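Protein sequence lines, in the order shown, are assigned to chains A and B. The first sequence: position 136 = 136 (the UniProt record's numbering), numbered continuously. The second sequence: position 477 = 477 (the UniProt record's numbering), numbered continuously.
Rather than coming from a laboratory, the hints here were simulated on the basis of the structure. This one's a predicted model, so the numbers in the text were calculated from it and none came from an experiment. A virtual CB, placed ideally from N, CA and C, is assigned to each residue, including glycine. Careful: at least some of the hints might be erroneous.
Every beta carbon over 10 Å from chain A, so not counted as near; a handful from chain B, in silico [to be verified]: (1) Ala6; (2) Arg89; (3) Phe119; (4) Asp163; (5) Tyr325; (6) Pro330; (7) Ser446; (8) Ser502.
Quick list of in silico lysine-lysine cross-link-like pairs, DSBU-like style, CA-CA up to 30 Å [to be verified]: (9) B:Lys470 <-> A:Lys110; (10) B:Lys126 <-> A:Lys322; (11) A:Lys110 <-> B:Lys56; (12) B:Lys326 <-> B:Lys56; (13) B:Lys467 <-> B:Lys246; (14) B:Lys326 <-> A:Lys110; (15) B:Lys126 <-> B:Lys56; (16) B:Lys463 <-> B:Lys56; (17) B:Lys246 <-> A:Lys110; (18) B:Lys56 <-> B:Lys467; (19) B:Lys246 <-> B:Lys470; (20) B:Lys246 <-> B:Lys326; (21) A:Lys322 <-> B:Lys470.
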Amino acid sequence: MELHDVWFVLIAVLWTGYFFLEGFDFGVGVLTRTLARDRRERRVLINTIGPVWDGNEVWLLTAGGATFAAFPDWYATLFSGFYLPLLLILVCLIVRGVAFEYRAKRPEEKWQTNWERAIFWTSLLPAFLWGVAFANIVRGVAIDANKEYTGGLLDLLNPYALLGGATTLALFTFHGAVFTALKTVGDIRVRARALAVRLGLLTAALAVAFLGWTQLDRGDTTTLIALAVAALALLAAVRAIAAGREGWSFTLSGVTVVAAVAMLFLALYPNVMPSTLDPAWSLTVTNSASSPYTLTIMTWLAALATPLVLLYQGWTYWVFRKRIGTQHIADTPDTPHPEPETTRT
Amino acid sequence: MELALAPETLARWQFGITTVYHFLFVPLTISLAALTAGLQTAWVRTGREVYLRATKFWGKLFLINIAMGVVTGIVQEFQFGMNWSDYSRFVGDVFGAPLAFEALIAFFFESTFIGLWIFGWDKLPKRIHLATIWMVAIGTVLSAYFILAANSWMQHPVGYRIDPESGRAELTDFLAVLTQNTAVAQFFHTMTAAFLTGGAFMVGIAAYHLMRRRHIPVMRTSLRLGLVTLVAAGALTAVSGDHLGKIMYEQQPMKMAAAEALWETEGPAPFSVFAYGDVDEGHNKVAIEIPGLLSFLAHSDFDTPVPGINDTNAALQEQYGPGDYKPNIPVAYWGFRWMIGFGMASTALGALGLWLTRRRFLLAEGHRTTENEVPNLALTPTRLLGPALSRRYWQLAFLTLGFPLIANAWGWIFTEMGRQPWVVYGLLRTSSAVSPGVSQLEVLISMTVFTLLYAVLAVIEVKLLAKYIKAGPPELTEADLDPPTRIGGHDKDDADRPMAFSY
Numbered sequence: 001m002e003l004h005d006v007w008f009v010l011i012a013v014l015w016t017g018y019f020f021l022e023g024f025d026f027g028v029g030v031l032t033r034t035l036a037r038d039r040r041e042r043r044v045l046i047n048t049i050g051p052v053w054d055g056n057e058v059w060l061l062t063a064g065g066a067t068f069a070a071f072p073d074w075y076a077t078l079f080s081g082f083y084l085p086l087l088l089i090l091v092c093l094i095v096r097g098v099a100f101e102y103r104a105k106r107p108e109e110k111w112q113t114n115w116e117r118a119i120f121w122t123s124l125l126p127a128f129l130w131g132v133a134f135a136n137i138v139r140g141v142a143i144d145a146n147k148e149y150t151g152g153l154l155d156l157l158n159p160y161a162l163l164g165g166a167t168t169l170a171l172f173t174f175h176g177a178v179f180t181a182l183k184t185v186g187d188i189r190v191r192a193r194a195l196a197v198r199l200g201l202l203t204a205a206l207a208v209a210f211l212g213w214t215q216l217d218r219g220d221t222t223t224l225i226a227l228a229v230a231a232l233a234l235l236a237a238v239r240a241i242a243a244g245r246e247g248w249s250f251t252l253s254g255v256t257v258v259a260a261v262a263m264l265f266l267a268l269y270p271n272v273m274p275s276t277l278d279p280a281w282s283l284t285v286t287n288s289a290s291s292p293y294t295l296t297i298m299t300w301l302a303a304l305a306t307p308l309v310l311l312y313q314g315w316t317y318w319v320f321r322k323r324i325g326t327q328h329i330a331d332t333p334d335t336p337h338p339e340p341e342t343t344r345t
Numbered sequence: 001m002e003l004a005l006a007p008e009t010l011a012r013w014q015f016g017i018t019t020v021y022h023f024l025f026v027p028l029t030i031s032l033a034a035l036t037a038g039l040q041t042a043w044v045r046t047g048r049e050v051y052l053r054a055t056k057f058w059g060k061l062f063l064i065n066i067a068m069g070v071v072t073g074i075v076q077e078f079q080f081g082m083n084w085s086d087y088s089r090f091v092g093d094v095f096g097a098p099l100a101f102e103a104l105i106a107f108f109f110e111s112t113f114i115g116l117w118i119f120g121w122d123k124l125p126k127r128i129h130l131a132t133i134w135m136v137a138i139g140t141v142l143s144a145y146f147i148l149a150a151n152s153w154m155q156h157p158v159g160y161r162i163d164p165e166s167g168r169a170e171l172t173d174f175l176a177v178l179t180q181n182t183a184v185a186q187f188f189h190t191m192t193a194a195f196l197t198g199g200a201f202m203v204g205i206a207a208y209h210l211m212r213r214r215h216i217p218v219m220r221t222s223l224r225l226g227l228v229t230l231v232a233a234g235a236l237t238a239v240s241g242d243h244l245g246k247i248m249y250e251q252q253p254m255k256m257a258a259a260e261a262l263w264e265t266e267g268p269a270p271f272s273v274f275a276y277g278d279v280d281e282g283h284n285k286v287a288i289e290i291p292g293l294l295s296f297l298a299h300s301d302f303d304t305p306v307p308g309i310n311d312t313n314a315a316l317q318e319q320y321g322p323g324d325y326k327p328n329i330p331v332a333y334w335g336f337r338w339m340i341g342f343g344m345a346s347t348a349l350g351a352l353g354l355w356l357t358r359r360r361f362l363l364a365e366g367h368r369t370t371e372n373e374v375p376n377l378a379l380t381p382t383r384l385l386g387p388a389l390s391r392r393y394w395q396l397a398f399l400t401l402g403f404p405l406i407a408n409a410w411g412w413i414f415t416e417m418g419r420q421p422w423v424v425y426g427l428l429r430t431s432s433a434v435s436p437g438v439s440q441l442e443v444l445i446s447m448t449v450f451t452l453l454y455a456v457l458a459v460i461e462v463k464l465l466a467k468y469i470k471a472g473p474p475e476l477t478e479a480d481l482d483p484p485t486r487i488g489g490h491d492k493d494d495a496d497r498p499m500a501f502s503y
């Protein structure tokens, strides 16, 4: 395995980490309007991911930065080619970050419900759009001899890609529902379990269609194995949550995400962005990679820093391991007390 | 749709808007993280409640600010690929590495530990909780280093070769990229300017409350910390700026000639304080100059000639072929002056404040104040400033919180526009760096979307800051004074206890 292959794997790992982690916090965001019955429950949901969503999102920034460093042409073609969908994702991530941090900073109901609405939409849209983007990457897009994307916006919204988007949205929401069941107590936990079962079955139907299509289109034995793992893990996750085994279910829904992303990257290799115009114009791990020197430095970085990141990020989840329910949410959110007249102390 | 614009114009505007906006939050984030960490350290070490209240107050403003810094930073990470794909292809091998380092080392640090700090008040023992804010502070500094090393490579490329086959730049010496003098100098200049900004922010808000005789103990402490930070950082900003300037005279003589609107080579060269008329016309109509000072700034003596714009342009034409190598002269000239002027005005007001509120043993007995009083402003040991003048000082001190933000913005505009027409100095022109496949309509859409979104967020952010500033430091609760002794929270018997902090 050469260095650019190693980096193909590492980029896949970073995206997998991103979808595993931000996947459930996108899911929780979507559930704020589908599972939560009142504002207090919505706050329970938001607070299950409150301390961790930011760290989860950095997996995306790292995937982006690492792609820039390891495969500059992939980075350049992907982000200039998928311009408007990416713009929409960026806008969502900006608003979403501000929404989490600012929602509780004022007591007015209107202020808070506006940000809650923002959290819902800005979780739902990227969960869908990332699926669209990855489906297009795997399927191939119109790339010319100069490695430039020549298609338009509508070319990206093809049926396969839309199915991919629906699949990631459903999968992340399911993943989020299982996470919610794992992290809450009381009534909301019970309902999260029931909803997770229904979402799991919906996800299974979509995932079988999408991954099956991928298999028929560009699959081989390895992708078939990944597909089988994803499908079995998903069904087992549904069974586990139906049986109330939340820890197992979350592990299995995580395995589903990992296997599904792995399958997409396996279907992609050795391309990183196939061209539909001429296979010779496809971006591959060799023609879009950085020099061996840069890849060596990057490999050292990844080898030293990634375990450390996993360690302290994992520790964060342990610190916040306690389940939360409506009783743990203070009546008044964290807003400043009214301005005092004149305090002479 | 193609507009009658150069292909890079809109992309440059978008980069300028999003970057200047992002950088409003960056210096405050860097400095407030460290200052908050310092205050919390004081609380943990002394147990004095005034420090905890100050920590909570400045920490809250820090959080409101860092939220914006983080989300606007996401755009920065992807904008290179979106609008500057040819740039990305050309530099990715070199430029991508520090970005990846920044993400994997610094961003994870910041974002993980900030979550622990925000939600960790009732989950972590005192000292571990304190460590988390220091981790955030370290993360912000590391982040600055990597991104400034990347930017320095654009200012002065080192440690690379041009691959004859692909024509792109390839890294040959990563250590050279990280440790070249441009990177070190830019880092120190940016860091000191960041603390200047944070110090002024603290001084301004403390002055606001002290003028109204509110929250005196906390604000008195904050004023002192802010003033010391402001003046020390301000002085170091001048020193680091001088150092960076001398490096730039060597590496980018055109940028510095433009900064002075020095059209013809002069030796000894004067420093232009003010020029009237059109500095873009090849000569200045009215100019106030300090003889020899520019020679000193560039070369540390008063006589060495400093090359002018015309000579430099001719030299560059010889080196790189025919063309115009002049940046926008008025922007460089005035940008340089706004940067120095606003930054140093803030520092001067800080120095004045430090003198007026100096320690009480320097003052006559009747003029000394206790920790619970608004400090008297004293000109001499026996003479106090009158109420009207005192008020004037507090007002100026309040205003000064905005000055460094202006200085920072102009500093970046100056150094980036002063490098034009290059995006990577001497290697790649900005006009060759844009995404060929992205239409001007697409850039226009994204520029409009970001500008509108950023404007709305600015209003929200400033209002929120104002609200928290006016509210002043929070009263402490029982939970604040009773932090857990084990990781994960208090003992099992209070399983239903509400979280100390929740969104």
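Fill in: Restraint check for B:Lys126 with B:Lys56, where alpha carbons must lie at most 30 Å apart
Roughly 14 Å separates the two Cα atoms, so the pair holds.
Worksheet item: Is the hinted pair A:Lys322 and B:Lys470 satisfied, with a Cα-Cα distance of at most 30 Å?
Response: violated (35 Å)
Worksheet item: Given the hinted pair B:Lys467 and B:Lys246, is their alpha-carbon gap at most 30 Å?
Response: The given pair, whose Cα atoms are some 43 Å apart, is violated under the 30 Å limit.
Discussion item. Between the alpha carbons of B:Lys246 and B:Lys326, is the straight-line distance 30 Å or under?
Written reply: OK: B:Lys246 and B:Lys326 at ~19 Å, within 30 Å.
Fill in: chain A versus B:Pro330 - minimum CB to CB distance exceeding 10 Å, so not interface
The claim stands: B:Pro330 keeps its Cβ more than 10 Å from every Cβ of chain A (closest is about 32 Å).
Fill in: Straight-line alpha-carbon gap B:Lys326 to B:Lys56, limit 30 Å
With Cα atoms ~49 Å apart, B:Lys326 and B:Lys56 exceed 30 Å; violated.
Item to complete: Grab the minimum beta-carbon distance between B:Ser446 and chain A and tell me whether it stays above 10 Å.
Response: violated (5 Å)
Fill in: Given hint A:Lys110 paired with B:Lys470 - CA-CA distance at most 30 Å
Roughly 22 Å between the alpha carbons, so the hint for B:Lys470 and A:Lys110 holds.
Worksheet item: Is B:Lys246 within 30 Å of B:Lys470, Cα to Cα?
Response: violated (43 Å)
Worksheet item: Are B:Lys56 and B:Lys467 close enough, with their CA atoms no more than 30 Å apart?
Response: holds (15 Å)
Worksheet entry | Nearest-CB test (10 Å) between chain A and B:Phe119 | violated (4 Å)
Item to complete: Quick one: work out the minimum CB distance from B:Ser502 to chain A and report holds if it exceeds 10 Å, violated otherwise.
Response: violated (5 Å)
Hint check: violations occur at hints 2, 3, 4, 7, 8, 12, 13, 14, 17, 19 and 21; the rest are consistent with the structure.
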